[in-house]
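**Student:** For the record, the sequence lines run as chains W and R. Using the numbering used here, the first residue of the first sequence is number 1, and each one after it goes up by one. Using the numbering used here, the first residue of the second sequence is number 1, and each one after it goes up by one.
Calculated directly from the structure, the hints in this document are not laboratory data. Quick caveat, the model's predicted, so the values are computed rather than measured. Heads up, some of the hints might be wrong.
[Unchecked claim] Computed far set for chain W versus chain R, every beta-carbon distance over 12 Å:
1. 58
2. 73
3. 80
4. 87
5. 90
6. 103
7. 108
8. 156
9. 167
10. 172
[As the list claims (entries may be wrong)] Computed footprint of chain W on chain R, listed as stretches where at least three residues anywhere in the stretch have a Cβ under 8 Å from a Cβ of chain W:
11. 308 to 318
12. 322 to 330
Don't be surprised by glycine CBs; every beta carbon is placed ideally from N, CA and C.
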Amino acid sequence: MAKAGLNYKAMALIELEDVSKLYGFGDATTLALDEVSLKIEKGEFIAVMGPSGCGKSTLMNIIGLLDRPTHGVYKLEDKPVSKLRPNKTAHLRRDTIGFVFQSLNLLPKMTVLDNVALPLTYKGMTLTKRLQLASNMLERVGMQSREYFFPSQLSGGQVQSAAIARALVNQPKLLIADEPTGNLDSAGSRLVMELMSEIHKLGNTIIFVTHNPELTRYATRVVYMHDGAIIQDEKTRLGQVAPTARRVMYTMPGLTEDDDLAGVSALMKALPSKNSPRTSRQKKGRKAPRLKNKKVSRSKT
Amino acid sequence: MKSLTRGHIKIAVTNLRSNRLRSLLTMLGVIIGVTSVISVVSIGQGIKHQIGDQINRLGKNVIIIRPLQLGAGQTGSALPLLSGFSVTSGLNDQDYKAVSSTTGVKMAVPLSLVAGATKGDNTSQTSVVVGTSDNFPSLVNQSLAEGVFFSSDENSLNVAVLGQNAANALFNENVPLGRSFTFRGQQFVVRGIFNQFTYTPLSNDINYNDAIFIPYDMAQGLTNNNSPIYEILAQSDSVHSVDQTSSQINQNLIKLHNGQPDFSVLKGYQDLSSANKILKLITRLISGVAAIAMLVGGVGIMNVMLVSVTERMQEIGIRKAVGATDRQILNQFMTEAAVLSLAGGLAGVILSLIINLVLRILTNLQPTINWQIIALSSAISIAVGIIFGSVPAIKASRKDPINALRNE
Numbered sequence: 001m002a003k004a005g006l007n008y009k010a011m012a013l014i015e016l017e018d019v020s021k022l023y024g025f026g027d028a029t030t031l032a033l034d035e036v037s038l039k040i041e042k043g044e045f046i047a048v049m050g051p052s053g054c055g056k057s058t059l060m061n062i063i064g065l066l067d068r069p070t071h072g073v074y075k076l077e078d079k080p081v082s083k084l085r086p087n088k089t090a091h092l093r094r095d096t097i098g099f100v101f102q103s104l105n106l107l108p109k110m111t112v113l114d115n116v117a118l119p120l121t122y123k124g125m126t127l128t129k130r131l132q133l134a135s136n137m138l139e140r141v142g143m144q145s146r147e148y149f150f151p152s153q154l155s156g157g158q159v160q161s162a163a164i165a166r167a168l169v170n171q172p173k174l175l176i177a178d179e180p181t182g183n184l185d186s187a188g189s190r191l192v193m194e195l196m197s198e199i200h201k202l203g204n205t206i207i208f209v210t211h212n213p214e215l216t217r218y219a220t221r222v223v224y225m226h227d228g229a230i231i232q233d234e235k236t237r238l239g240q241v242a243p244t245a246r247r248v249m250y251t252m253p254g255l256t257e258d259d260d261l262a263g264v265s266a267l268m269k270a271l272p273s274k275n276s277p278r279t280s281r282q283k284k285g286r287k288a289p290r291l292k293n294k295k296v297s298r299s300k301t
Numbered sequence: 001m002k003s004l005t006r007g008h009i010k011i012a013v014t015n016l017r018s019n020r021l022r023s024l025l026t027m028l029g030v031i032i033g034v035t036s037v038i039s040v041v042s043i044g045q046g047i048k049h050q051i052g053d054q055i056n057r058l059g060k061n062v063i064i065i066r067p068l069q070l071g072a073g074q075t076g077s078a079l080p081l082l083s084g085f086s087v088t089s090g091l092n093d094q095d096y097k098a099v100s101s102t103t104g105v106k107m108a109v110p111l112s113l114v115a116g117a118t119k120g121d122n123t124s125q126t127s128v129v130v131g132t133s134d135n136f137p138s139l140v141n142q143s144l145a146e147g148v149f150f151s152s153d154e155n156s157l158n159v160a161v162l163g164q165n166a167a168n169a170l171f172n173e174n175v176p177l178g179r180s181f182t183f184r185g186q187q188f189v190v191r192g193i194f195n196q197f198t199y200t201p202l203s204n205d206i207n208y209n210d211a212i213f214i215p216y217d218m219a220q221g222l223t224n225n226n227s228p229i230y231e232i233l234a235q236s237d238s239v240h241s242v243d244q245t246s247s248q249i250n251q252n253l254i255k256l257h258n259g260q261p262d263f264s265v266l267k268g269y270q271d272l273s274s275a276n277k278i279l280k281l282i283t284r285l286i287s288g289v290a291a292i293a294m295l296v297g298g299v300g301i302m303n304v305m306l307v308s309v310t311e312r313m314q315e316i317g318i319r320k321a322v323g324a325t326d327r328q329i330l331n332q333f334m335t336e337a338a339v340l341s342l343a344g345g346l347a348g349v350i351l352s353l354i355i356n357l358v359l360r361i362l363t364n365l366q367p368t369i370n371w372q373i374i375a376l377s378s379a380i381s382i383a384v385g386i387i388f389g390s391v392p393a394i395k396a397s398r399k400d401p402i403n404a405l406r407n408e
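Work the whole structure out from these sequences, hints included.
**Tutor:** Put into structure tokens, the structure is as follows:
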């Protein structure tokens, strides 16, 4: 497999050492990330799983330089980046990282083509050149016929495809997708995942968050998170659902996002519990109701 | 970065268009400010031009003698002159004779007002009836459209020459040659119509287009030598001797008036400078009002931009996520405010052009808009946009990307 070859010469693209993220002050302090250490090599396709509020998004934001860790060291290509100025992080985001969010990815008043060309605009590229690059990228994701559409005229899967095109248009070293399939039906999810998998085959590094155990079959590595910490990290073979995820997926019908969430809860029970003295701490007691609330509000929407 | 700015402008225009009513209301202050400044300045310029034209037409060697009371208070309309309360003490036939016999005076023309109603076909109305002498057309450098002016032999005949508006008002036709009207019980025959006089609304002159001219001797006869002269026009031999001649006239008249200088002797260009003073004052006043309008407009822009920044947090988040720096976001919102304000300025320019046109059609004013004032007001409106857009733009640029994405 090509993956082994890639791994062989790759240095760590991303290295997190004891990264923590705290929100709020005093008594209201919440611990979103609890001394997380993670190494990501070039060419990996990582799925991050875990219940809502476990810190997945915070981890994505820190890796994507949208947020900075409270403690710990974050090295991107061996360079510490956690204490850079906003200007520098903006340039790093522009040149090395591509983002796909769960929803509201595209700016509604611009055409798909202009949206995809947006990162190039901030690079100061000329109009013709950036439109050409954007057009090429849209062709690659199979969206060329939709260039002059507005986001409101596209289906959910097409919006996400365009978002992926935008994320890739700068030739980033890392693609971060925070629940890219969260708002999509199964057909849309497949479209998006197939697309990401193709991009991965071309040598890109991808890290994505999902609630759907089924989707781990596209990944080469699955990271499970709970309460702000990584509790399991396993390599999987492409095309196969991760062993831990598989344990729960057939017990659930898995049709809606809520079912996915329920599946994740089941998954957490199947996993070895977080082996730290933290369980006895007050923090966990405070966190549990917050988690519950989030779930309730989610199922409402 | 040039193409980036162009992109910002494009986005700004799109946003402006997609929210028309809000944009219009926001721009209102700027529109009002720019429109009022341009209109007032252009009217002032126009009047200055018109007065200048008139003086050039009269010639620089023309001296105007007026009773002092008239010169002091009255502006514009001829009607106050007809009330007569301040006129009688002014100039009389003796003064006219003294002026015309002064050395250095080539010719002099009296303009006396005769009160009374004129009766044309079937309409009776109060008109401005001016008694003057045969030299009047040549002194004010005015030609007749139809007929001829009365000559020196015809000074006691019942003839009249009309200004164009007077002809229309009296007979409802443009060329009422040979028609007659009744004035103070006497029948007058129309024998000439003047071409349009250039008329300056803010100067002290009677609008000659509204006037009926009859021979001076006739006017004196009608009023028992009692008709007040509201103005004597004199022409000196040459342009160089104007000052000398006017002081000579001044001396002669003071002698006649027992040492009381209850009259004024003006040289043509003095008229211009007094009009200028008034115009400058008005312009300053309106500029102050316009400055306040711009200030209010600027605050409006700031307010709307703040709302816009809050509404578009998600957009700011996405832009930052794909690599926009703080400065680029700042520039985007600054550009948007400037475009909004400039659009208001341009709307103001267009509106003032329309006002200009309407004024030209409906009044005698001839406002002139020059490119300097347009450039200046555009520049000021851009500056207003940048100054008042900076607070919202800074707010947008300082926003943490993650908070912006979460829409907090």
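**Student:** Hint by hint, say whether it matches the structure.
**Tutor:** Hints and how they fare:
no. : hint       : in the structure
1   : 58         : 9 Å, violated
2   : 73         : 20 Å, holds
3   : 80         : 20 Å, holds
4   : 87         : 5 Å, violated
5   : 90         : 4 Å, violated
6   : 103        : 10 Å, violated
7   : 108        : 8 Å, violated
8   : 156        : 17 Å, holds
9   : 167        : 8 Å, violated
10  : 172        : 10 Å, violated
11  : 308 to 318 : holds (count 3)
12  : 322 to 330 : holds (count 7)
Hint violations for this structure: numbers 1, 4, 5, 6, 7, 9, 10, all remaining hints satisfied.
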